[in-house]
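If you want the building blocks of each chain, they are given just below.
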Amino acid sequence: MSESTKPVTAIKAPVHLEFSYTAGRASTRFLHGMAEGKILGQRCPECGKVYVPPRGSCTICAVPTEAEVEVTGKGTVTTFCIVRIPSDSLSIDPPFTCAHILLDGADLPFFALIQECPFDEVRMGMRVEAVWVPKEELGPTFESIKYFRPIDEPDAAFESYKEHL
Amino acid sequence: MGEHCAIVGIGQTKHDTLRIDVSVPGLIREAVTKAFEDAGVSWGDIDAVVLGKAPDMFEGTMMPELFLADALGAVGKPMLRVHTAGSVGGSTALVAASLIQAGIHKRVLTVAYEKQSESNAMWALTVRIPFQQAIVAGAGGYFAPLIRAYMARTKAPEDTGIRVALKDRLNALKNPTSHLTFPDVTYDMVRDSPMLWDPIRYLETCPSSDGACAMVLAAEDAAKQSPNPPAWVHGTAMRSEPTMFPGRDQVNPQAGRDCAAELYKKAGIQNPRKELDCAEIYVPFSWFEPMWMENLGFAPEGEGWKMTQEGATAIDGDLPVNASGGVLSSNPIGASGMIRFAESALQVRGRAGEHQVPGAKKALGHAYGGGSQFFAMWIVGSEQP
Amino acid sequence: MRDVAIVSFAQAKNVRRELDANEVEMVMPVVREAVEQSGIPRREIDFTCSGSCDYLAGQPFSFVSALDAVGAWPPISESHVEMDGAWALYEAWVKIQIGDIDSALIYAFGKASMGDLPDVLTLQLDPYYMAPLSPDSVSLAALQARAYLETSGHSERDLAVIAARSRKDAKTNPAAQLTGDFDPERLLGDPYLVSPLRKHDCPPISDGAAAIVLAAGDLARKVSKRPAWIRGIDHRIEAHGLGNRDLAKSLSTAEAGRRAGVGDGNVDVAELHAPFTHQELILRDALGLANDVRVNPSGGPLAGNPMMVAGLARFGEAARLLMDGQASRAVAHATSGPCLQQNMVAVLEGE
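Residue numbers (our numbering), protein chains in the order written: chain D, 332 to 496; chain V, 144 to 528; chain F, 14 to 364.
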């Protein structure tokens, strides 16, 4: 068949769209905190739970949360997994460990990368701390925290984090 | 409960990595045509169309029901498009069923599809949104820690996931629509496949498929005009819970438990393990089978893995799960939930061909989505409830 | 059919650009207000359904975070349509008809300011034949306006009058974005945006959110002195290709209006989801509205057009007039797709 009689089975139609995103009030506070090397959360006025990162509302009580709380960068690994395939968004080579980390003072875990630890030594209950980028690189972004690394503290008792598992 | 709702026609495409032999309308009509043949109806017999699919970015078309109105014979009819993340195929079927149950329409066509080859689904799933944390490890990286938590809670044998994957992949060989088929699959092959997100291996993971699934639902009188035996809806339920909150149990989510409880109540089921003949549930990573066995109340908490280990969920077990091969074998994301619902109906109609569970009279269809937070379920039977 | 009524309505002020609050923070106060107004405790509302759009939000699964705003704990029975909230209202209305539930919360949100709306809307078009040509939504509306003006005998002045009236009426609507006194003659002096449409013929770009609570029968009577009863509701879709339908007539609106029973009684007021001035006339024709029917006393979409919300807001505005005793029979309309491709019509009556 000549070119003009071959069926057209596909076309390429590239799309380019630009969006401006709004962080929202709660995220804005959190991200400003990141720029200052602080981890900020919010406490619910009704149940008293602390959300890190804050969301502006308590999901359980359905009320706005305004009271700001600062938490340290220390926490406990509640669960984790070892990733063995490369990630588009990270420049580190697999295998690497991702974990749910319950920061001291927060009431729900957040997802983060674990480094400076042989991946087969990561375990539930392991105590970790945040490793920040150098001071001059701090900015209003989650990436101000590079990753978490183990610290020299005994593992947390299962009881202390089991409800977050 | 409202009016009785029957499923009188079911159709699926051959699911595959890339269905570049058809356009989106072509893909959907492949499934719809089969459903019409099964139901003995044609375009003019349909009163309304309910379409479901996952994020529009997967194909690059916003609100595709608009351009698909013509291809789906919806011109002049009511048309809805449902989007509830991964559970969408299931919730779409529920919305369609509600139109019959409310007595508004006599015959409704419901379709769910995904044609990821039209866009870049991987990009769409991991696109970097400003001010939000980067998704570094994909869906597997999200669910693997939950699976590890399940293993720690229950002390389940480490090969439970392997056994689920082996079972589903053997079942897939009996299902001509399956995307992934491994004719030589063995326990060792699954165990030795590359580890992706420890503890999930390659062969324990779902594919990313192009595919569509369609069903024709009918009111009682209209159902009588269809040539093949119908399935009857015995109960439906949906539940959602937020993604993150203190104390959230993502391993055995409350929303799933509540959804199942409401479903069994509506369908008059006291002992699901005994009264259901089979189940089609949403298992995108092998370990979700034992987790859902507990969440659905088929097994006591902490013991779902026993059902897998004992062979209870095998196609010849006492509660076959995913005789179709499940999401592990075909996963057009927006359609996967509807495929579960359709397969459960195929079973009780006795029309599941080689992967038929002999004598199946009551079956559960289950779909979930998001961070294990959206659930849609139904129970169908060979007799009217 | 069960009697179902709208018993409350709340909306955020439509703004050109909401820079402070994200979608969740916009939705939360609106949902709270609608629930409080309804008189039904949150935990007793049986079903929740929302309308929103990923491409508007520039991210997939964008509706998921909104669950945080609506009190989804303990788990709720909840669903979502990737359409204007009016279709979420329809889904909820159907569910109530089955008989197992008596109430529903519907909400919708959209921040059209985030992207370039006409470009985003191009993606609604047939991806093989139309979208690659990139016709923007204003140009498509202009095609329709041209077709209508040339066959209906209406003029560009008639369109300017609609624009001026809308902005004037919007002065009484605290949620409206564009308000003020404008002289149609002055408006006609402005240059065309896309002939025959001028800027005033087009809706503003708006960020917004709205919520409605539905209740059935006795529950509605218990919680509301004057529920706005949905006497009839229907929706239809037309062919997608612009050349495959008569752009000057909205046949799906006529059909939906017929089935909803518009012609069965006197219509006091109509809230029509007509984002472009000429579309108000097309819809009036389709619904057979008499000349004395007040259209869009809220200012309508020409005064504020949050995508995915504006249709639901028409239902809310019509209901509010009935709940306030300012009307006894109203028509509410919502549209979706290019050039009025899909339309929903409802007839609402006060107690």
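One thing to keep in mind: the hints can contain errors.
If you anchor each label on the Cβ, the simulated ranges turn out as follows [to be verified]: (1) GLU301/V - PRO449/D: 48 to 54 Å; (2) PRO426/D - PRO443/V: 32 to 38 Å; (3) ASN263/V - ARG56/F: 22 to 28 Å; (4) GLU301/V - TYR141/F: 47 to 53 Å; (5) VAL270/V - VAL462/D: 23 to 29 Å; (6) GLN413/V - PRO449/D: 46 to 52 Å; (7) GLU467/D - ASP33/F: 42 to 48 Å; (8) PRO87/F - GLY246/V: 44 to 50 Å.
Simulated from the structure, these hints should not be mistaken for laboratory data. On a predicted model such as this, the values are computed, not experimentally measured, just so you know. Just so you know, even glycine gets a beta-carbon here, dropped at the ideal spot from N, CA and C.
The hints, checked one at a time:
1. Range check, GLU301/V to PRO449/D: about 20 Å between beta-carbon atoms, so the 48 to 54 Å window is missed.
2. Look at PRO426/D against PRO443/V: about 35 Å separates their beta carbons, and that is inside 32 to 38 Å.
3. Evaluation of the 22 to 28 Å hint for ASN263/V and ARG56/F yields a failure: the beta carbon distance comes to about 42 Å.
4. At about 49 Å, the CB distance of GLU301/V to TYR141/F agrees with the hint of 47 to 53 Å.
5. VAL270/V and VAL462/D have their C-beta atoms about 26 Å apart, which keeps the hinted 23 to 29 Å range intact.
6. One distance hint, 46 to 52 Å for the beta-carbon pair GLN413/V and PRO449/D, holds here, with the actual separation near 51 Å.
7. For the hinted restraint 42 to 48 Å between GLU467/D and ASP33/F, the CB-CB distance of approximately 29 Å leaves it violated.
8. PRO87/F and GLY246/V have their C-beta atoms about 31 Å apart, which leaves the hinted 44 to 50 Å range violated.
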